[in-house]
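Numbered according to mature numbering (1 follows the signal peptide of the UniProt record, and there is no 0), the sequence shown spans residues -23 to -1, 1 to 151.
No lab work stands behind these hints: they were computed from the structure. Any given hint could turn out to be false.
List of simulated lysine-lysine pairs, DSBU-like, C-alpha gap at most 30 Å [as the list claims (entries may be wrong)]:
#1 40 x 119
#2 40 x 58
#3 89 x 58
#4 119 x 89
#5 119 x 38
#6 112 x 40
#7 119 x 58
#8 58 x 38
#9 112 x 38
#10 112 x 58
Here are the computed distance ranges between Cβ atoms for each label pair [what the hints assert, rightly or not]:
#11 16 x 78: 41 to 51 Å
#12 73 x 20: 10 to 20 Å
#13 74 x 16: 35 to 45 Å
#14 104 x 21: 41 to 51 Å
#15 10 x 85: 38 to 48 Å
#16 91 x 43: 29 to 39 Å
#17 116 x 143: 29 to 39 Å
Each residue gets a CB set at the ideal place from its N, CA and C atoms; glycine is no exception.
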Amino acid sequence: MKQLLRLFLPLAGIALFQTTAIAQEADGCFMLDSSGQTIDLSTVCGQQKKNSAHASEFQAKIKRRESGIPVIDVTFNGQQKFEMLLDTGASQTTITTEMAQALGVVPIGMHKAQIANGDIVEFPIGQVASMSVGKAIVREPKVSITEGDPLLGQNFFEDYDVVIRRDMVEFQPR
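Produce the complete structure using the sequences and hints provided.
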């Protein structure tokens, strides 16, 4: 019996008291300030400064959340700013009819889409000169015109890795 205890007691200790390693999100020596901006600490850590993904990262402040979905400012055509929901499940960006009128968007066709409840619906589709969030920009994207909430969809951020933080959204070019 004592031999069994000597064998199983250390194994039980290993199994019960494991520690978990947490991986760092990015390489290098850095910290984030209170606004989520990256501060390079490579000189303090004795490392040479590397060209990291953070150098080309674009950030957008989350203004609030609606049902947990981030609301951010999106600039259209380099001039007009609108609040939009960052919807990672939306394949197409949608704007409201009021936004379309303000932007002078003219329907150029129709777009069929499956919405969250599974229904297939058809929307007018138009095109804008550009959409931007900070320095992240997409030129001549198509947008669906709907009566629902304005959604920033995959056709905006498909070329970016998107990280949603508590109060900031980061766009890193792929």
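Any hints from earlier that this structure breaks? Give me their numbers in increasing order, please. 12, 16
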